[in-house]
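2 protein chains.
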Amino acid sequence: MLTYLSEKKSQIKDLLGSFLSPLRQDASRINAWGPDSLDRLQEYLYRGKMIRGALVSFGHEMCGGMKTPQALQIGAAMELFQAAFLIHDDIMDRDLFRRGKPSIHAQYRDLLKSRFETSINPQLDHLADSLGICVGDVALFLAFELLGSIDASLSILQSLLKLFTRELLYVGFAQMEDVYYGGIEDSPEEEQILSLYKYKTGRYTFSLPLMAGGILAEAPASILNTLSYLGERMGILFQLKDDELGLFGDTEELGKPIGSDVISDKKTLYRYYLFQTVKGEDRKQVEELFGAAYLQKEDLLFLRSLVKETKVHERIGGLMDQMEQDARNIIQQLDVDPIWKERLLELVEYNRNRVK
Amino acid sequence: MLTYLSEKKSQIKDLLGSFLSPLRQDASRINAWGPDSLDRLQEYLYRGKMIRGALVSFGHEMCGGMKTPQALQIGAAMELFQAAFLIHDDIMDRDLFRRGKPSIHAQYRDLLKSRFETSINPQLDHLADSLGICVGDVALFLAFELLGSIDASLSILQSLLKLFTRELLYVGFAQMEDVYYGGIEDSPEEEQILSLYKYKTGRYTFSLPLMAGGILAEAPASILNTLSYLGERMGILFQLKDDELGLFGDTEELGKPIGSDVISDKKTLYRYYLFQTVKGEDRKQVEELFGAAYLQKEDLLFLRSLVKETKVHERIGGLMDQMEQDARNIIQQLDVDPIWKERLLELVEYNRNRVK
Chain Y
46 MLTYLSEKKS QIKDLLGSFL SPLRQDASRI NAWGPDSLDR LQEYLYRGKM IRGALVSFGH
106 EMCGGMKTPQ ALQIGAAMEL FQAAFLIHDD IMDRDLFRRG KPSIHAQYRD LLKSRFETSI
166 NPQLDHLADS LGICVGDVAL FLAFELLGSI DASLSILQSL LKLFTRELLY VGFAQMEDVY
226 YGGIEDSPEE EQILSLYKYK TGRYTFSLPL MAGGILAEAP ASILNTLSYL GERMGILFQL
286 KDDELGLFGD TEELGKPIGS DVISDKKTLY RYYLFQTVKG EDRKQVEELF GAAYLQKEDL
346 LFLRSLVKET KVHERIGGLM DQMEQDARNI IQQLDVDPIW KERLLELVEY NRNRVK
Chain S
46 MLTYLSEKKS QIKDLLGSFL SPLRQDASRI NAWGPDSLDR LQEYLYRGKM IRGALVSFGH
106 EMCGGMKTPQ ALQIGAAMEL FQAAFLIHDD IMDRDLFRRG KPSIHAQYRD LLKSRFETSI
166 NPQLDHLADS LGICVGDVAL FLAFELLGSI DASLSILQSL LKLFTRELLY VGFAQMEDVY
226 YGGIEDSPEE EQILSLYKYK TGRYTFSLPL MAGGILAEAP ASILNTLSYL GERMGILFQL
286 KDDELGLFGD TEELGKPIGS DVISDKKTLY RYYLFQTVKG EDRKQVEELF GAAYLQKEDL
346 LFLRSLVKET KVHERIGGLM DQMEQDARNI IQQLDVDPIW KERLLELVEY NRNRVK
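Each protein sequence line maps, in turn, to chains Y and S.
Position one of the first sequence corresponds to residue 46 (my numbering), numbered consecutively onward.
Position one of the second sequence corresponds to residue 46 (my numbering), numbered consecutively onward.
Misleading hints may appear alongside valid ones.
Identical copies carry no separate label here, and so any pair may be met within one copy or between two of them.
[Claimed, not checked] Below 25 angstroms or equal to it, Euclidean Cα-Cα: the simulated DSS-like pairs (lysine-lysine) are:
id : residue 1 : residue 2
1  : K158      : K311
2  : K207      : K112
3  : K342      : K401
In case anyone wonders, no lab produced these hints; they're calculated from the structure.
I would like the entire structure built from these sequences, with the hints used as guidance.
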């Protein structure tokens, strides 16, 4: 499965490269920001894992589809959507690192600071954020251009456009809730958190690309529905793992600073359970750490041991077990060739055990 | 012409209403932000002049098209794109008013301030900006859903998607330059300013909707090219008028505070010529006013009399004359029914003489 995904990644990279190259010339007619932002975008895209993009091809081939180039093109569009969301999210969450390097608005901060030979300056920071918002929008337009120009029937194209626009709309709403609770002290309830994981990560990361591939293959509604539900389970598992890595993962592997979820006071399920459980002295310390300006290594070690002591780690592990089991059951019932079931199971395995 | 535009506006309003209403139910499954943001978006859309949306129908009927509902649907999508850009632009330009009421991110500031009973707070302001970025994205997804679901042939749909994604991409690049020069002291050169006016306003506000209507009517390439060029001339005229109104217009008519271009140090052609011309004591005062925290009534009166004394006002008037004349010449050569030429000439007239 990992070989399959990385092969698709390399094909999507090629496609993105051929798409963006001729655009540079065109963009330079407008102004210098055009080609510059396309360069940054391409470099940014190339550093992604491209799992979402590869899953379009996966869903397509699994459903017996033969439209290989079209699936890759939709996958490339998927990666551009993902880039757009990450670029905007990083501005909202004030995350200066992404994929092992400065995030897009952080790159513009660096550029402006060196151009005007100045250090911290709220005016220039705001300008850098603004340039980042624009590049996110640019990525969205490029994504829709790629998606809209696939060689397919009218009915397939319109089904795809409806699928993408509707799921992306839901991601937008989910992101509002996510950013809201990231900016205030209150936490959403368990149910709200799981709904967020479902719409922001689950349906978007797994259901959407798998279903897009299925639609391109003209798969029956029954299979599309199963893929939709399977994606939700896999996605919630993926997000829970993401939260775990945010606390237990390795900085270098992840390409972003550890504890950034804690610093930005992200209302993860870990945090929710921890705040439900911890009392007394520890509670005070926990409250200080979530939303703190920075974390020391020992703060992180304290939080790590606390989630274990309080069985919060175990409880979330149990939830991951459940999502994993659900996903395995759905896969067993899927009416596709056994080789694809095997690969889906490997993907579940990967989601459960990944280290970055 | 104005009757025609306002009739189309009312039809586009109806269409937007029927599109957004059933979505509310759907959005409320996700969270409370969904229906809330759709309400705000609808109210925001309804307050627009909807010239761009109406111009799609105009271009369509002018080219002999009979697809009335489809033209309105593309017009509604056009208004959603416009809303998305305005929402993001107001965050970048820190404009708290739009269309006579608080801009979207300003509405979220008010909501958060009343919910948490607090006054100015950079953390909540950032959160309000973030919610605004999301609503802009949501508007983009809704726009593409409307555009992607029109009842038309594959070839028309793909031509429309290509036209929109490419022109919106150029707007994104132009916006980067605009926001950059809005955030620093330097001004772009005359040529760069006019290029900005061409891509951010001209092609986007006039060429794009007129051509979209033409494509829907399957107009020949020769007419589409003429509309493209006509739109640029009309758009540059429109933008120069916008700059003029920013200095000479009436606050109540415009629905935004006068002098906001001066406060945000927007690098208009007025500013460029003024800085080229004014020397001595006046120069010092001009430099202080552009980018000042606020403007007094007498500051504005000073600037108004200065652009007249220095003939900057006259010079820009001359440029508007030229754009107007170009547009009139192109209209005379257009191969369409005289009634449409008459209306186009009225539109040029309106662009030249509007007060809001």
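Status of each hint after checking the structure:
| no. | hint | result |
| --- | --- | --- |
| 1 | K158 - K311 | between (29 angstroms within a copy, 21 angstroms between copies) |
| 2 | K207 - K112 | both (20 angstroms within a copy, 21 angstroms between copies) |
| 3 | K342 - K401 | within (19 angstroms within a copy, 58 angstroms between copies) |
Hint violations for this structure: none, all hints satisfied.
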